[in-house]
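Protein chains: 2
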Amino acid sequence: MIEPAKTPYHHGDLPTALLFSARSMLEQDGVAALKLRAITRHAGVSATAAAPHFGNLTGLLSALAAIGFTELAEVMAPEHAVQPRDVALAYVRFAIANPGLFTLMFRSDAIDRQDPGLRAASGRAFACLAGLAQATPGADRAAMMVGLWGKVHGVATLAIDGMLSGLIPADSPQTIDAFLEQVFR
Amino acid sequence: MIEPAKTPYHHGDLPTALLFSARSMLEQDGVAALKLRAITRHAGVSATAAAPHFGNLTGLLSALAAIGFTELAEVMAPEHAVQPRDVALAYVRFAIANPGLFTLMFRSDAIDRQDPGLRAASGRAFACLAGLAQATPGADRAAMMVGLWGKVHGVATLAIDGMLSGLIPADSPQTIDAFLEQVFR
DNA sequence: CGCCTTATCTTTACGATGTAAAATTTCTCT
DNA sequence: AGAGAAATTTTACATCGTAAAGATAAGGCG
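Just so you know, the sequences run in chain order H and D.
Residue numbers for the first sequence, in UniProt numbering: 1 to 185.
Residue numbers for the second sequence, in UniProt numbering: 1 to 185.
Since the hints were derived computationally from the structure, they do not count as laboratory data.
Even glycine gets a Cβ: it sits at the ideal position worked out from N, Cα and C.
Each hint should be verified, as a subset may be incorrect.
Listed below are several chain D residues computed to face chain H (Cβ distance under 10 angstroms; list not exhaustive) [as the list claims (entries may be wrong)]:
1. Ala32
2. Ala110
3. Asp112
4. Asp140
5. Lys151
6. Asp161
Listed next, the stretches of chain D that the computed footprint assigns to chain H, with coverage defined by at least 3 CB atoms under 8 angstroms from CB atoms of chain H [as the list claims (entries may be wrong)]:
7. 97-109
8. 168-182
All chains should be built: construct the whole structure from the sequences, respecting the hints.
Written out as structure tokens, the structure reads:
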């Protein structure tokens, strides 16, 4: 989780404060709420205060997406997810727990996929999935990997977009988890 | 495919012309290019000419998304896709052939999912997938359906976003098709 | 045929957005 | 202390979506 640090510098740790504001607004009101002026307003600074740190809005959102990929890699790491099914469940659970952030991470017109920090973070997350496909024996590893990642990513995306209402139990996290375990049996 | 009709009315069949402009701009420059002023400019009318027909930008884009779902339902229809694998391949092929349109169809902040025309069209498309899960015998039909749709949707989404470069052969449509058949073996 | 209602389209106007440029403030370092 | 660099604000501009009001042309009806 992000937290605004003390005030070691000029006006505080503005980069972290901006990311913190952006994330809270993101989870509250969705990706549509991620306007530069709204974020800076929420952080209590002027509209152009983010430029020296992130360049432009895309840079700021790319940094936020990188945080998302770092956290996703964390919950999929081998120490937390031992079995293949654990990795799949961690992926979907992360998406359901952080719908706005997950949406941002895969929205290519709001972020810059070439951003070095973003590339590094997303690479770390995808390595967990790649290792998973490597572990399972099969004919074509690439096809296996695409199928596995596709299933995980598709279920996560559809769940976030509310496409599975009626198909997925909406009761409690426990029943959702039980249902997901059946999907990824 | 959309095509601007003759000029039976005032200035022509503007609704169709606007949808035609929007679609060509969409496939040319992506979802980010779908600005109301740009679309109307492309169609040669004033910026507010779309309002009487579509209300606002969301209405126009929802109508375009509805066209997308109609075409998706078409390629997944039983007369074109007999085996379950055919339905899956049609879904992914449609996404790869119409990346911008497919992205729009699932971008919830640009369209209105409650739009009646959109609901009808998307319902028709999803019915093809539901019937597919109904055909296959299995323990929990809902879990089967979610897993199947998720895999199909995830592979399509990841392919569109360029996430599968390196995993998927980029040579020719034939090799891509062969690869996909292996994914959905 | 002539008028009148209605739908279609344009003009105008307003608030909001992203960001470039210049000015201002604040920190760091010698 | 004073210079230089970094951070932040002020100002300005092009663009966006759309509401309101005016202009234009079509169809219905006498």
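Results of checking the hints against the structure:
| no. | hint | in the structure |
| --- | --- | --- |
| 1 | Ala32 | 4 angstroms, holds |
| 2 | Ala110 | 9 angstroms, holds |
| 3 | Asp112 | 13 angstroms, violated |
| 4 | Asp140 | 6 angstroms, holds |
| 5 | Lys151 | 4 angstroms, holds |
| 6 | Asp161 | 6 angstroms, holds |
| 7 | 97-109 | holds (count 3) |
| 8 | 168-182 | holds (count 3) |
In the structure shown, a violation is registered for the earlier hint numbered 3 alone.
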